[in-house]
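> So you can see what is in the structure, the chains are spelled out below.
Protein chains: 2
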Amino acid sequence: MGKKITNSLGIELPEYIEGYGKVKPFMGAFYYYNKENYKTASRRIKNHKPENKKLCSSIREAIEKTGLKDNMTISFHHHLRNGDAVIMLVVEEIAKMGIKNISICSSSFTNAHEGLLEYIKNGTITSLSTSGLRGDIAKEISVNNIMKNPVIFRTHGGRARAIESGEVKIDVAFIGTPACDEEGNMNGSEGKSAFGAMGYPMIDALYAEHVVAITDNLVKYPLHRISIPQIYVDYIVEVESLGDPNLIATGATRITKNPTELLIAEKAAKVLTGLGLIKEGFSFQAGSGGASLAVCRYLKEYMVKNNIKGSFVSGGINAYILELFKEGLFESLLDIQTFDGSIANAVGNEKGYIEMSASMYANPNNGSCVAHKLDMMMLSATEIDLNFNVNSITGSHGIIMGSIGGAPDTAAGSKVTLMTVPSIRKRMPIITDKVTNIVTPGETVDILVSDRGVCVNPKRKDLLDEFEKNNIEHIDIKDLYDEVISLTGTPDKVQYTDNIVGVIEYRDGSVIDIIYQVKQ
Amino acid sequence: MGKKITNSLGIELPEYIEGYGKVKPFMGAFYYYNKENYKTASRRIKNHKPENKKLCSSIREAIEKTGLKDNMTISFHHHLRNGDAVIMLVVEEIAKMGIKNISICSSSFTNAHEGLLEYIKNGTITSLSTSGLRGDIAKEISVNNIMKNPVIFRTHGGRARAIESGEVKIDVAFIGTPACDEEGNMNGSEGKSAFGAMGYPMIDALYAEHVVAITDNLVKYPLHRISIPQIYVDYIVEVESLGDPNLIATGATRITKNPTELLIAEKAAKVLTGLGLIKEGFSFQAGSGGASLAVCRYLKEYMVKNNIKGSFVSGGINAYILELFKEGLFESLLDIQTFDGSIANAVGNEKGYIEMSASMYANPNNGSCVAHKLDMMMLSATEIDLNFNVNSITGSHGIIMGSIGGAPDTAAGSKVTLMTVPSIRKRMPIITDKVTNIVTPGETVDILVSDRGVCVNPKRKDLLDEFEKNNIEHIDIKDLYDEVISLTGTPDKVQYTDNIVGVIEYRDGSVIDIIYQVKQ
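Which chain is which? The protein sequence lines are F and G, in order.
When we follow UniProt numbering, the leftmost residue of the first sequence carries the number 1, and every step to the right adds one.
When we follow UniProt numbering, the leftmost residue of the second sequence carries the number 1, and every step to the right adds one.
Hints are supplied without guarantee of correctness; some may be wrong.
The list makes no distinction among identical chains, and a pair is therefore deemed to hold if it is satisfied within one copy or across any two copies.
Stated by the list, open to error - Below, computed lysine-lysine pairings styled on DSS-like, alpha-carbon distance capped at 30 Å:
hint: 1; residue 1: K100; residue 2: K53
hint: 2; residue 1: K35; residue 2: K519
hint: 3; residue 1: K459; residue 2: K69
hint: 4; residue 1: K69; residue 2: K39
hint: 5; residue 1: K270; residue 2: K22
hint: 6; residue 1: K351; residue 2: K220
hint: 7; residue 1: K4; residue 2: K24
hint: 8; residue 1: K519; residue 2: K22
hint: 9; residue 1: K35; residue 2: K53
hint: 10; residue 1: K426; residue 2: K519
hint: 11; residue 1: K415; residue 2: K53
hint: 12; residue 1: K65; residue 2: K469
hint: 13; residue 1: K39; residue 2: K121
hint: 14; residue 1: K270; residue 2: K139
hint: 15; residue 1: K24; residue 2: K305
hint: 16; residue 1: K415; residue 2: K192
hint: 17; residue 1: K351; residue 2: K148
hint: 18; residue 1: K100; residue 2: K415
hint: 19; residue 1: K351; residue 2: K461
hint: 20; residue 1: K461; residue 2: K49
hint: 21; residue 1: K257; residue 2: K309
hint: 22; residue 1: K35; residue 2: K24
Keep in mind the hints are simulated off the structure, nothing from the lab.
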């Protein structure tokens with residue numbers, strides 16, 4: 001197994017992982033700040049003549065023109081989420097061409113990509129890097145170790161960083177775009193498949209050796225609002241459909257009716273207002289999901305009553321947040337990925353609704369990112385432990401079933417990070433002594449709000465003082481844990497094989513945890 | 001003197017030029033297309049922590065933080081043209097700090113930068129690269145060879161190419177911006193010094209080792225419309241004033257009343273309409289200047305009468321072109337540099353008025369540029385010769401007094417390139433047997449319109465056929481030349497020393513001509 005090293009969270013890591021490479025251990029949220037000296041990635045200079053044409057008659061033709069071959073890396077974005085058809089269109093064609101051993105670097109995968117399983121099994125796809133993974137593929141990887149190489153999980157900021165630094169070298173970026181002209185100027189907010197902000201592929205376009213735009217809406221040159229300009233685009237393919245934007249928002253658009261979630265939301269709102277954080281000019285990010293929206297509703301009431309206007313909301317903008325913005329409760333929105341197809345057109349049409357790249361959103365290795373400007377952020381999780389370490393990638397059964405998103409990025413950047421979690425889910429304790437896998441380190445998580453009480457990370461003495469000063473109820477996380485365990489009992493520890501099926505990178509590219517194959 | 005080589009225009013060049021480097025000879029407009037294999041430039045990865053602050057209390061502090069020292073290269077943009085105060089503010093501070101041997105890579109210099117002469121003479125500044133140079137500095141360089149190194153003249157597209165390819169390595173980019181927030185998000189269209197599109201520094205920001213934003217309008221975070229995002233910015237300095245945007249448009253905003261220019265404009269319009277080029281969906285670029293505007297007025301009349309709507313106008317957008325756009329005569333504007341402070345705010349506020357980077361405008365070494373999409377472009381010049389080679393950088397006395405701009409870029413890219421020139425200016429022939437210096441090669445120049453007749457480049461047999469077919473009057477350029485010379489006499493040839501004071505690069509980085517010191 002080779003030599004082992006231990007990261008600052010006490011997790012033992014191999015020095016080298018087959019199919020991944022040399023391991024840089026996680027040593028703290030900003031440990032590597034200004035400690036490394038590396039350069040931005042470089043790529044072949046493109047040439048252009050006026051008579052050149054970029055339009056191809058098929059995906060096959062575009063793939064052939066890029067010279068894609070065995071062992072190369074391709075990239076995608078997942079802005080169409082559960083409605084995305086692009087990844088499968090391209091991968092099916094690659095498979096037909098007999099190309100093997102392809103690595104996919106996607107901003108994420110959704111249930112629209114279950115079809116990849118076939119191409120993983122037949123050796124077309126042998127590496128995945130992503131923010132999240134769910135469903136059958138995730139289960140097959142966790143239980144049956146079907147991938148040749150471990151899946152690399154990256155944060156949204158970490159993916160931008162990895163591409164910019166050349167750690168990930170993309171040979172061909174395939175960018176699905178609902179509006180595109182014949183030179184490849186694109187935006188995400190016009191056309192029948194409009195999905196809104198296109199923050200992820202903005203980075204791919206800058207650094208990929210070849211860029212293929214795939215569109216179902218070829219418009220007259222020049223496109224009037226440009227998110228990715230023609231200078232980065234080599235080939236363009238027109239297809240029937242990019243997918244179904246109605247499937248972008250699934251479940252997460254309505255405020256929850258679940259009584260436990262409503263209770264948690266109310267508690268969270270009380271903490272935030274009680275601490276005086278909801279004040280003129282504050283900024284925040286709330287993840288998607290019903291509990292988050294419920295918190296937002298409470299905050300809105302408070303803001304209106306107290307005549308408070310916030311600065312910006314970042315994220316993941318959904319219809320509810322857009323409504324708050326339109327009502328004048330926030331000055332601007334910073335959006336990397338619109339969480340609702342029905343508001344896709346607002347990006348670029350509402351003054352102050354700003355589209356941002358993944359690098360601008362959350363990359364720690366640039367001039368500065370929006371995540372570092374946040375006053376507060378709320379996030380949910382699959383588990384949280386006594387050290388406030390957060391898991392959102394595996395369930396307590398050890399199986400991959402979630403995603404990282406921008407959680408570690410915004411948790412590290414925002415002044416206050418608040419977790420909302422039910423204390424028990426399906427009879428399993430969500431507050432644990434040790435999370436199955438660490439995605440967001442406890443040092444960046446400040447407050448835990450559960451149905452059974454609010455806990456403050458003891459490292460945040462300043463916050464504890466504020467809790468005391470403002471008489472906000474809170475309990476020790478150990479007490480909460482004991483209460484939960486007294487109800488659920490201590491669950492059996494998951495048994496693993498020695499096979500590494502996933503590597504979880506922190507935003508700075510260090511390895512924060514490893515996912516092993518679950519022993520059945 | 002070392003070995004000599006001859007470029008495809010028959011100009012003898014040294015193989016190596018001291019203070020410039022190895023010479024790549026110009027061999028044709030697209031000769032180097034896909035013949036070279038080089039990569040995009042790379043730079044040190046930046047790091048950021050939430051507590052970092054970019055605001056500096058003075059230009060001095062920002063310069064110190066960048067670590068600027070002797071022999072480094074700094075960059076500027078000239079969007080404020082004759083009203084720019086930023087270059088002198090920075091250079092004066094650098095001089096006070098005792099830093100020597102600085103190279104300046106500016107998108108251009110104007111008469112606002114006459115003060116540089118002092119700093120050239122005292123050794124603070126020893127290299128310049130620019131699109132244009134006029135006034136005392138230009139004269140001192142031409143006549144007294146005061147620069148340590150030859151001035152490098154680049155096209156707007158060529159400058160973007162040189163920066164992207166790493167041929168120019170910018171250590172510190174100083175970007176004057178009329179709207180900036182505390183993280184460095186910038187645009188050019190808001191604030192008291194608003195100048196409009198900021199196409200040039202968009203490239204500097206991407207590749208410079210350090211980026212300093214200089215603003216006289218620090219706004220609340222986040223700025224609502226972002227042309228250059230915070231991820232590229234290291235330091236920010238607030239100053240009293242960036243300069244005077246009223247001086248951007250000087251002379252060139254009103255339609256000429258000069259009868260010769262009006263005659264040329266009328267002839268040009270007749271050629272363009274006669275050839276059927278003014279048709280639904282056509283695109284064009286007209287340079288600045290009164291004659292250009294006069295042509296536009298004729299075109300407007302024709303378009304309105306014939307119910308024609310154009311596609312886009314690129315450039316250099318001025319108030320007259322904006323008016324045509326607002327009247328619905330064009331679908332969009334693509335602007336790299338707004339030619340009138342009074343319309344600075346229109347960029348980003350008028351749907352279809354698109355801001356573009358210098359690379360998107362005219363760089364031949366990217367996915368594709370706007371210059372390559374033009375149906376026609378008009379340009380003016382200081383001289384044109386029997387081979388249709390165009391000079392716009394030196395006068396017939398050999399002294400530097402002009403600029404290249406995007407002329408060679410758009411001439412190479414557009415389907416039809418039309419030159420408007422008076423046949424005689426101040427008793428000097430403008431049609432010559434051989435131009436003093438070549439800036440735009442004749443192979444990319446198609447039609448010459450002068451007060452004494454219209455000539456067609458014999459290489460464009462297709463155009464000659466169209467002239468015949470449409471009964472458009474035209475004469476042989478040799479006949480025009482003979483007529484002009486019979487009136488002016490043959491001027492004495494300029495006498496030069498062996499000292500090279502300027503190197504004129506074609507857009508692809510090859511050397512198209514060399515400027516020698518004039519013998520007095």
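> A separate judgement is required for each hint: does it hold in the structure or not?
Hints versus structure:
Taking CA atoms no more than 30 Å apart as the test, K100 paired with K53 passes inside one copy only; the shortest distance there is 29 Å, against 48 Å between copies. Proximity of K35 to K519 under the C-alpha cut-off of 30 Å is found in neither arrangement, the shortest distances being 39 Å within a copy and 56 Å between copies. Taking the shortest Cα distances, K459 and K69 never come within 30 Å of each other, neither inside one copy (51 Å) nor across copies (43 Å). Taking the closest pair of Cα atoms, K69 and K39 come within 30 Å of each other both inside a single copy (27 Å) and across two copies (21 Å).
With identical chains, the CA atoms of K270 and K22 are never at most 30 Å apart, being 45 Å at best within one copy and 69 Å at best between copies. Taking the closest pair of Cα atoms, K351 and K220 come within 30 Å of each other both inside a single copy (24 Å) and across two copies (15 Å). Taking the closest pair of Cα atoms, K4 and K24 come within 30 Å of each other only inside a single copy of the chain (12 Å); across copies the shortest separation is 53 Å, beyond that limit. Taking identical chains as interchangeable, the C-alpha atoms of K519 and K22 lie at most 30 Å apart only when both belong to the same chain, with a minimum of 26 Å there against 64 Å between chains.
Within a single copy, K35 and K53 get their C-alpha atoms only as close as 45 Å, which misses the 30 Å cut-off; across copies the closest is 19 Å, which meets it. With identical chains, the CA atoms of K426 and K519 are at most 30 Å apart within one copy only, with a shortest distance of 22 Å there and 92 Å across copies. Taking CA atoms no more than 30 Å apart as the test, K415 paired with K53 passes between copies only; the shortest distance there is 15 Å, against 49 Å inside one copy. In this assembly of identical chains, the alpha carbons of K65 and K469 never lie at most 30 Å apart, being 66 Å within a copy and 41 Å across copies at closest.
Taking the shortest Cα distances, K39 and K121 never come within 30 Å of each other, neither inside one copy (36 Å) nor across copies (36 Å). In this homomeric assembly, K270 and K139 never come within 30 Å of each other (Cα to Cα): the closest approach is 38 Å inside a single copy and 72 Å across copies. Within a single copy, K24 and K305 get their C-alpha atoms no closer than 49 Å, and across copies no closer than 70 Å, so neither meets the 30 Å cut-off. In this assembly of identical chains, K415 and K192 lie within 30 Å of each other by CA distance neither inside one copy nor across copies; the values are 39 Å within and 34 Å between.
Taking the closest pair of Cα atoms, K351 and K148 never come within 30 Å of each other, the shortest separation being 47 Å inside a single copy and 49 Å across copies. Taking the closest pair of Cα atoms, K100 and K415 never come within 30 Å of each other, the shortest separation being 46 Å inside a single copy and 43 Å across copies. Within a single copy, K351 and K461 get their C-alpha atoms no closer than 40 Å, and across copies no closer than 51 Å, so neither meets the 30 Å cut-off. Proximity of K461 to K49 under the C-alpha cut-off of 30 Å is restricted to the inter-copy arrangement: shortest distance 21 Å between copies versus 63 Å within a copy.
In this assembly of identical chains, K257 and K309 lie within 30 Å of each other by CA distance solely inside one copy; the values are 27 Å within and 55 Å between copies. Taking the shortest Cα distances, K35 and K24 sit within 30 Å of each other inside one copy (13 Å), while across copies they are farther apart (40 Å).
Going through the hint list in order, the structure does not satisfy hints 2, 3, 5, 12, 13, 14, 15, 16, 17, 18, 19.
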